[in-house]
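K.L.:
Sequence:
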Amino acid sequence: MQEYLTLEHMELVPKHDYAKGSILSSHHAVLRDSSTTTKLRVVFDASAKSTTGHSLNDLLMVGPRVQRDVYQFCFPLEHFK
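For reference, each letter of the sequence shown is one residue, going 11 to 91 in my numbering.
If you anchor each label on the Cβ, the simulated ranges turn out as follows:
#1 Q77 / P24: 39 to 47 Å
#2 G73 / T46: 32 to 40 Å
#3 H37 / C84: 33 to 41 Å
#4 Y81 / E18: 35 to 43 Å
#5 R75 / L15: 32 to 40 Å
#6 N67 / A39: 17 to 25 Å
#7 T16 / T46: 18 to 26 Å
#8 C84 / P24: 46 to 54 Å
#9 D43 / L22: 26 to 34 Å
#10 A58 / L15: 17 to 25 Å
By construction, these hints were calculated from the structure, which means they are not laboratory data.
For every residue, glycine included, the Cβ atom is placed at its ideal position computed from N, Cα and C.
Please construct the entire structure, taking both the sequences and the accompanying hints into account.
P.N.:
Written out as structure tokens, the structure is:
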């Protein structure tokens, strides 16, 4: 967590800001003993609902699709019949 603070990937929320409608992203650690480079990584859950009933995912803007449908990718010639 200290690395996230140092790199400014996160910041601590002061206690007096808790009630101002801040959205906190819940997270947990994933430990992989077999990894030689990244034994510990942080996984964020932006789908967790806040006290308002909304999640961070609910409030983020959805961008355009950047990938084709899996069907079109797997069966591209089906469309030229």
